[in-house]
Amino acid sequence: MKSGRLAIVRLSLYNDGMKDKSLQEPTFLIMTALAAGAQHGYGIMTDAAEISGGRVRLGAGTLYAALDRLTGEGLVETDREDVIGGRLRRYYRLTPAGGQRLAAEVTRLQASAAEAARRLGARRAPAGGLAGGTAGAITATGLAW
Amino acid sequence: VKVKSLQEPTFLIMTALAAGAQHGYGIMTDVAEISGGRVRLLAGTLYAALDRLTGEGLVEADREEVVDGRLRRYYRLTPAGGQRLEAEVERMRANAAEAARRLRARRRAAGDLAGGTYP
Chain S
2 MKSGRLAIVR
12 LSLYNDGMKD
22 KSLQEPTFLI
32 MTALAAGAQH
42 GYGIMTDAAE
52 ISGGRVRLGA
62 GTLYAALDRL
72 TGEGLVETDR
82 EDVIGGRLRR
92 YYRLTPAGGQ
102 RLAAEVTRLQ
112 ASAAEAARRL
122 GARRAPAGGL
132 AGGTAGAITA
142 TGLAW
Chain D
23 VKVKSLQEPT
33 FLIMTALAAG
43 AQHGYGIMTD
53 VAEISGGRVR
63 LLAGTLYAAL
73 DRLTGEGLVE
83 ADREEVVDGR
93 LRRYYRLTPA
103 GGQRLEAEVE
113 RMRANAAEAA
123 RRLRARRRAA
133 GDLAGGTYP
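The listed protein sequences derive, respectively, from chains S and D.
Take 2 as the starting number for the first sequence in our numbering and just add one per residue.
Take 23 as the starting number for the second sequence in our numbering and just add one per residue.
Treat the hints as calculated values from the structure; they're not laboratory data.
Treat each hint with caution, since some may be false.
To be verified - Looking from chain S toward chain D, a few residues come up when the C-beta cut is under 7 Å (computed): (1) Val107; (2) Ala114; (3) Ala118.
Said to hold, decoys possible - Distance condition first, Cα-Cα at most 20 Å in a straight line; then the derived SDA-like pairs of lysine to any residue: (4) Lys22/S to Asp90/D; (5) Lys26/D to Ala67/S; (6) Lys26/D to Ala116/D; (7) Lys22/S to Arg113/D; (8) Lys22/S to Gly122/S; (9) Lys26/D to Ile52/S; (10) Lys26/D to Ala119/D; (11) Lys26/D to Asp48/S; (12) Lys22/S to Val61/D; (13) Lys26/D to Asp84/D; (14) Lys22/S to Leu64/D; (15) Lys22/S to Ala102/D; (16) Lys26/D to Thr63/S; (17) Lys26/D to Gly100/S; (18) Lys22/S to Arg109/S; (19) Lys22/S to Glu116/S; (20) Lys26/D to Arg56/S; (21) Lys26/D to Arg113/D; (22) Lys26/D to Leu64/D; (23) Lys22/S to Pro31/D; (24) Lys26/D to Ala102/D; (25) Lys22/S to Ala115/S; (26) Lys22/S to Arg119/S; (27) Lys22/S to Asp52/D; (28) Lys26/D to Pro27/S.
The beta-carbon is built from N, C-alpha and C at its ideal position, and this holds for glycine as well.
Chain S with its partners taken away, still in its complex shape:
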């Protein structure tokens, strides 16, 4: 009884911490793969590879561990199960909380990217002689912001 209550307290502390933490990219990609509709594991893997331009290729172990964790956090849930060729195929979907968490992450990414871009812009045009004037050596690499 007592230990059960303690476990609940720890879990809520853990979740409070997780709310503010940025998502690791594989987690972000899995949630993005599920944002517009349910998918099964293999669909998530191919979609995550496509979204990331081939940079991120999830191993099955990584994917299912992440899906278990996201399910435990209430961000992902089972949508349905099909039997295909005698094998069980499980579809996953984002929960409403998962959709909100992903939307918050999009906002965070956009804000962080904007601030870094602003400072990189100042670096490329160091008219004010910032910090000893030693920055600004970077050559423009042609990224248009």
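Please arrange chain D on chain S, whose structure you already have, making use of the hints.
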């Protein structure tokens, strides 16, 4: 090119150095500000990250000053560090745009199901 995404503390440290050199304490306060108070680096985390980034050629020592008898070292991004940060900005923007596109599709679908009352 397969480049791993930056962990958020690393991204924030590099962003803190993007416009000019800063010393360690300046980086710590700047990182807290950039992240809206979400990320507060401990000194150990910061200096381990700066050592690692220096080893990777993304950050370098800018200069050292003696303030009240203590050595204060300033750090700056290298040109390679600036390019790495630019690539990360591009990655973050692309990821955010794709997720936003799908979340809009999700809201449309939910709105259709709920007769358009979904927020």
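Each hint, compared with the structure:
1. Val107: It holds, given that the least Cβ distance between Val107/S and chain D is near 5 Å, below 7 Å.
2. Ala114: 4 Å, holds
3. Ala118: It holds, given that the least Cβ distance between Ala118/S and chain D is near 5 Å, below 7 Å.
4. Lys22/S to Asp90/D: It is violated: about 37 Å lies between the C-alpha atoms, which goes past 20 Å.
5. Lys26/D to Ala67/S: Between Lys26/D and Ala67/S the Cα gap is close to 18 Å, so the pair holds against 20 Å.
6. Lys26/D to Ala116/D: 15 Å, holds
7. Lys22/S to Arg113/D: Given pair Lys22/S, Arg113/D holds - Cα atoms ~19 Å apart, limit 20 Å.
8. Lys22/S to Gly122/S: Roughly 27 Å between the alpha carbons, so the hint for Lys22/S and Gly122/S is violated.
9. Lys26/D to Ile52/S: 14 Å, holds
10. Lys26/D to Ala119/D: The hint holds at about 19 Å.
11. Lys26/D to Asp48/S: 18 Å, holds
12. Lys22/S to Val61/D: Cα-Cα ~8 Å, so holds.
13. Lys26/D to Asp84/D: 26 Å, violated
14. Lys22/S to Leu64/D: Between Lys22/S and Leu64/D the Cα gap is close to 16 Å, so the pair holds against 20 Å.
15. Lys22/S to Ala102/D: The hint is violated at about 28 Å.
16. Lys26/D to Thr63/S: Answer holds: Lys26/D to Thr63/S is near 16 Å, not above 20 Å.
17. Lys26/D to Gly100/S: 25 Å, violated
18. Lys22/S to Arg109/S: 10 Å, holds
19. Lys22/S to Glu116/S: 18 Å, holds
20. Lys26/D to Arg56/S: 8 Å, holds
21. Lys26/D to Arg113/D: 10 Å, holds
22. Lys26/D to Leu64/D: 24 Å, violated
23. Lys22/S to Pro31/D: 11 Å, holds
24. Lys26/D to Ala102/D: Roughly 15 Å separates the two Cα atoms, so the pair holds.
25. Lys22/S to Ala115/S: 19 Å, holds
26. Lys22/S to Arg119/S: Judged against 20 Å, a Cα distance of about 23 Å means the pair is violated.
27. Lys22/S to Asp52/D: Between Lys22/S and Asp52/D the Cα gap is close to 18 Å, so the pair holds against 20 Å.
28. Lys26/D to Pro27/S: Distance ~11 Å between Lys26/D and Pro27/S Cα, so the pair holds.
In summary, the structure is inconsistent with hints 4, 8, 13, 15, 17, 22, 26 from the numbered list given earlier, while agreeing with the others.
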